[in-house]
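Q: Chain residues, written in single-letter form:
There are 2 protein chains.
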Amino acid sequence: MNHPATTVVGASVPRVDAADKVTGRALYTSDLQLPGMLHAAVLRSPHAHARIVRIDTSRAEALPGVHAVLTQASLDADMALIVEEEAHATRRVLSLFAADKVRYHGEKIAAVAAESPALAEAAVRLIEVEYEPLPAYVDVMEAVRGTAELIFDESTVVTAPEGETLHNVNGEMHRTSGDMEAGWAAADQVFENTYVVPRAHQTYLEPQVAIAEVDRLGKVTVWTSTQGHFAIQSNISKSLRIPLSDVNVIGMTIGGGFGAKFGGIVDTYAVLLAKATGRPVKYVYTRADEFYDGRPAPGLVITLKTGVTRDGRITARQAMAYWDTGVGSGGLWATGRIKGVYDIPNLQLDGYSVHTNKPAPGAYRAPGAPQATFASEAQLDEIARALGLDPIELRLRNLPEDKPQTAFRQTLLAAAEKAGWSARARGEDEGWGVAIGEWTNGAGPAAAVVSLAADGTVQLFYGLMDLTGTDTACAQIVAEVLGVPYEHVRVRRGDTDTAPFATASGGSVVTFSFGNAVRDAAAEARRQLLELAAEHFSSDGRNITADDLELESQRVRLKDSPDQSASYAELATLSLRSGGPIVGEGRFSPKPSATTISAQIAKVRVDRGTGQVELLEFVHALDVGRAINPMACEGQMEGGAVQGLGWGLMEEMVYDRRSGAMVNPDLLDYRIPTALDVPPQQSVLVEEPTEHGPYGAKGIGEPPITPGLAVVSNAIADAAGVRLTRAPFTPERVWRGLHGIPDEPYSA
Amino acid sequence: MNHPATTVVGASVPRVDAADKVTGRALYTSDLQLPGMLHAAVLRSPHAHARIVRIDTSRAEALPGVHAVLTQASLDADMALIVEEEAHATRRVLSLFAADKVRYHGEKIAAVAAESPALAEAAVRLIEVEYEPLPAYVDVMEAVRGTAELIFDESTVVTAPEGETLHNVNGEMHRTSGDMEAGWAAADQVFENTYVVPRAHQTYLEPQVAIAEVDRLGKVTVWTSTQGHFAIQSNISKSLRIPLSDVNVIGMTIGGGFGAKFGGIVDTYAVLLAKATGRPVKYVYTRADEFYDGRPAPGLVITLKTGVTRDGRITARQAMAYWDTGVGSGGLWATGRIKGVYDIPNLQLDGYSVHTNKPAPGAYRAPGAPQATFASEAQLDEIARALGLDPIELRLRNLPEDKPQTAFRQTLLAAAEKAGWSARARGEDEGWGVAIGEWTNGAGPAAAVVSLAADGTVQLFYGLMDLTGTDTACAQIVAEVLGVPYEHVRVRRGDTDTAPFATASGGSVVTFSFGNAVRDAAAEARRQLLELAAEHFSSDGRNITADDLELESQRVRLKDSPDQSASYAELATLSLRSGGPIVGEGRFSPKPSATTISAQIAKVRVDRGTGQVELLEFVHALDVGRAINPMACEGQMEGGAVQGLGWGLMEEMVYDRRSGAMVNPDLLDYRIPTALDVPPQQSVLVEEPTEHGPYGAKGIGEPPITPGLAVVSNAIADAAGVRLTRAPFTPERVWRGLHGIPDEPYSA
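Line by line, the protein sequences give chains A and C.
For the first sequence, the numbering used here begins at 17 and goes up steadily by one.
For the second sequence, the numbering used here begins at 17 and goes up steadily by one.
Everything labelled a hint here was simulated from the structure, so no lab data went into it.
Be aware that a few hints might be false.
[Claimed, not checked] DSBU-like cross-link-like pairs, simulated, lysine-lysine; straight-line CA separation at most 35 Å: (1) 419/C / 321/C; (2) 575/A / 254/A; (3) 291/C / 575/A; (4) 37/A / 291/A; (5) 355/C / 575/A; (6) 321/A / 235/A; (7) 235/C / 419/C; (8) 235/C / 235/A; (9) 575/A / 37/A; (10) 291/A / 321/A; (11) 291/A / 355/A; (12) 117/C / 291/C; (13) 235/A / 37/C; (14) 235/C / 37/A; (15) 117/C / 37/A; (16) 37/A / 355/C; (17) 37/A / 419/A; (18) 434/C / 419/C; (19) 254/A / 419/C; (20) 419/C / 355/C; (21) 235/C / 37/C; (22) 117/A / 37/A; (23) 607/C / 291/A; (24) 575/C / 254/A; (25) 321/C / 607/A; (26) 321/A / 117/A; (27) 607/A / 419/A; (28) 355/C / 37/C.
Quick caveat, the model's predicted, so the values are computed rather than measured.
Just chain A, same shape as in the assembly (with noise of 0.2 Å):
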């Protein structure tokens, strides 16, 4: 913890948009209503897997007030749902609308435009399709089998290393590290056990939502929720073969994301439907649509074979992982996971993901960590407790010192020293349970303007979305540059139409990234500024120059002469008359980050009886790097904390077996933790800079969730003895852990 003195970095300021917030002044894009605007809505499939006979949209068409009803079949040939997440390198083409066969419950088959939502539905209840029923899959572990049919076609009949034949497989990884037979032999004990991680859904209190206007010259605008608004510039453009330039996306305030809101779900099927009708387009999902047809967190199954000595220094380690990628891809990288910051000789790590029935699989913070987690960390517990080990002296075995940008062994030290840990007491059914989890932050192109408005107050301009008070950490950041309050600090978003490029909010690139383009802007500003005031401080034939000028209170002053000064709003108005307006611009590309880790202890009381699990304290360290807001840190490790032990105690997609539909589509049956659920949590900042972050910060928005199930699993069987591998650990399977009865299959 080394870094310069600062005055605004570093202190816990209240966010820019509070007030905004809390007097509803924030505009979401459900609150605009434009002239002329029709309303969206979708036929889905009732059926998981079926071939379409028939589609006949005459009847909704007919309905007076309808202007279109679109099928695949009114599409331009080359028109395809083209998804490209940045902050993850994975991209997805698929069609936009199921035409000769629908692939999961909710798949869309039809997009209605018509004067008001009801009557769009109505003109949906009106489409009539015959579908041919399929045999349907959920469970990734069927739908691999070399005996199951095909979802998509003979591309994705693969064989394994051992030579059985696998199916619907849509991607491989194959990584091998160290010599494996050598690790094997070298291991005292091998542990190898099973994992099964559902689908979880992101569960943003806004859903996704867009409106679309096309003008008569083809300009399209896009208003919509997203944590992108380049990338959903770049989607439209690629999947309706729009020119770029012709395609202006307006992000609008964002009721949360998690990933997900990289567009494609709903803003193309407005401008689709904005085109057709030559009027405004608003679709807005439902939360039935969010659990139908969103794109959650793939599910996987993983099967973890770990060699350890006795005293608990882990030799070899092997992993074979199924991600239930549905009717999409993705998740093999995060199997990577497994490796996590632990030295670990030999390490062999194989994974396919597979298609099932059910809709693609999207980012959901810390994509695949908090699944891969949970097996490496269960695991890891389940050694400790067979080798008798203290859970966190196994860990601190397998981890390699402490250096420079890292502090893995800090941070969980310091976990567990704000809990007690080594003097923990435990009650009846009471238990403890660690684990870490670890990112690497990400990092994107980023480019900010500020510029000194004629107030004297600063205006900081960009096309950065702001999800998670990044926009004031941002202004922080100018406010230390240029010696003003935060608060003189506005910042303005553009559009993709005037905001320079702007990598999306995700993958924890944002503070690091906009951080150095920021500062490097304000920077620019602050030299315009100093140079200014030392030629109006040298009119009277001084030889002034910026070295001997000082920032204070807003005033440019003599070092020498204090009372000799300038203040802000007078420079801006010289700056008019000479140099110009005080405008400077900050530009940055991808820099390596270091990789920090999330570190989580658990008490937990398990009641014998129902098999509910009870959350009594919670311990949260998290090396942020440096913290520009520490208050809006510990914001982020408990939001995180919270998706995470949400994923441990209760959050699951449930897929029928037999019929394939999903059958929890709302926020009664889909639980997330309420605060009743989940104790005051207690947050630790290690602050360990990194080399290019600004100000040492590392990007601390995936950590937080990905211990969590891990951190549960490991409580509950210190508390009841039992080791559940199946999550979410939920009172039933408690329940059935206490009464060794197996667990359900993966997708019951």
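We have chain A; now place chain C onto it with these hints.
A: What follows is chain C alone, placed relative to chain A:
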């Protein structure tokens, strides 16, 4: 004419907004309908001058659907109408509504916001006001007399140098150079005439309009038709005591401004009503509102005395000017236009700006210059006629030699040559007139941001308001610097929240000022692009520098191996990984320009029976410095010249001498030229570059209007042998002149 070779700069290209305009896609303020929007109407004074005894708004307030009725009594004491016109450095402070007195016909007394325009008008009619009429002064020469009632207060009583007491004077200027006595002594002949120009309205196609919204945190948003949204922001902030950063002004497409759209007429009232009601409020001027309460050009009564030698050299000139400034001020400084670009060894200028019972004047294209130039150039014509000299020869004898940056003689001779002056033919009742007018373009602070979009097109972002095609000129400059087709430069305008400060578009400042900022921003983007390309080409170990590269067809290529190149789209993508998005910023603050002249020659025919003057031929030469877009320059020349000719032939705001009422508040009674009134123009672009102009360009918005009055007067004198000194030269006045019947008094 010596400038570097260019490709796009200097080409006549269509305006970048041409398609928007012809398809109706361009959004004007009136096109906007906000949810819950109310409509404003204003009660105007039916008297030109009266004491207000009582205002009763209770019946209006009681009308259902009326949300607010405001009078001066409703306002905070410190609120006042402050309008600063940057380009002309004037500042006017007036009360927002008449309180104790009304001072002109049409003055605002109360404002209403109601659910519909009709309801607002109905409420206005329910407001009861009791008046005590006072004598009204609409003739500046009556108002200035020592016997006149004071329209404001004692501070407007001054003593003239000769000891005479003048009333209602709000400003005076007295400037002498040389030795007047010697000048008169050197003269062989002295001419003295009085010239009268009434008020003229800018008659933009789109009347003043604004929509304001004040949100629950007090943030003000204004959509309006303006020449400078930063000026509007500043005015509203100062008038209504709202922090500058809490005011965002969005400049919509503008349907003409000509100097009058600097705010205060509608925007401030819309904000007041929006604040009072908590609802968006639209305030649209009718055409009648424009005439009752616009900000037209001030009238002028000027007596001009000129001494000349027998061979036509001016030895002395003296002017006494009375500017009709209604309840405002201004005009005075334009008295200096009497000198023009001539060598006048001895000069005395005296001027008064005088209150009358008329609205405050505003800027109108080359403010004050058409009025003063009329006197100067008509009298020179009279002198040439008296001395038997060719009027062009007379002017050449008094013009300085052309020097670098100035082309006075060259421009006049270019017009003469184009018109075939030396061999000009003249049928019965036909005549030729020549006149010149001058202007030195202003300069204002400007900033621009140029960035490269992902598809290799270029984005130009700034706060400039485009009235005349300056977006196109700026796009051409960016295109020139970056070697892209100008259509690939997307011009994006920011509001005051997002754009860096931009001076208002007035005073011919735009191309000169923004052209420089835009060129610098593009040059910085170019530098980044070349640096990136050099790095790219060096990745194989070569040492390529920017100097080894050239731009060609949106590619950067190696000079030595032109087949090795990278497209802008490729480099845009590459920049995201290396260096960051290409973003260049440019800043400009005022630099001196050189004076330009507009030389115009007209041929007319006078109908001796009706007094009708028919324009037969029209030639116009202008020193544009450098034509960025010759077609656009010609458009400016034609548009400005038509306005000047309109002032000469037909335009006059008529006030009833007795009641003070404005009697021609519509475009039927206030005639402006149509296509049938003006012959095809022949334009000559003279290109004498000015040092600090981008590519040598001068600002040319103003000069074309300046000689119009004089050229018509001079042509009529040539055709019919009668000198008209009272504009406009309507058929009635020509007929009176032909028959020796004295003209009506100034403000008949």
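Q: Next, verify each hint and record whether it holds.
A: Do the hints match the structure? See the list:
| no. | hint | in the structure |
| --- | --- | --- |
| 1 | 419/C / 321/C | 29 Å, holds |
| 2 | 575/A / 254/A | 56 Å, violated |
| 3 | 291/C / 575/A | 45 Å, violated |
| 4 | 37/A / 291/A | 33 Å, holds |
| 5 | 355/C / 575/A | 50 Å, violated |
| 6 | 321/A / 235/A | 56 Å, violated |
| 7 | 235/C / 419/C | 53 Å, violated |
| 8 | 235/C / 235/A | 30 Å, holds |
| 9 | 575/A / 37/A | 42 Å, violated |
| 10 | 291/A / 321/A | 54 Å, violated |
| 11 | 291/A / 355/A | 49 Å, violated |
| 12 | 117/C / 291/C | 26 Å, holds |
| 13 | 235/A / 37/C | 14 Å, holds |
| 14 | 235/C / 37/A | 14 Å, holds |
| 15 | 117/C / 37/A | 46 Å, violated |
| 16 | 37/A / 355/C | 61 Å, violated |
| 17 | 37/A / 419/A | 41 Å, violated |
| 18 | 434/C / 419/C | 22 Å, holds |
| 19 | 254/A / 419/C | 57 Å, violated |
| 20 | 419/C / 355/C | 19 Å, holds |
| 21 | 235/C / 37/C | 31 Å, holds |
| 22 | 117/A / 37/A | 44 Å, violated |
| 23 | 607/C / 291/A | 48 Å, violated |
| 24 | 575/C / 254/A | 34 Å, holds |
| 25 | 321/C / 607/A | 75 Å, violated |
| 26 | 321/A / 117/A | 39 Å, violated |
| 27 | 607/A / 419/A | 19 Å, holds |
| 28 | 355/C / 37/C | 41 Å, violated |
When each numbered hint is compared with the structure, violations occur for hints 2, 3, 5, 6, 7, 9, 10, 11, 15, 16, 17, 19, 22, 23, 25, 26 and 28.
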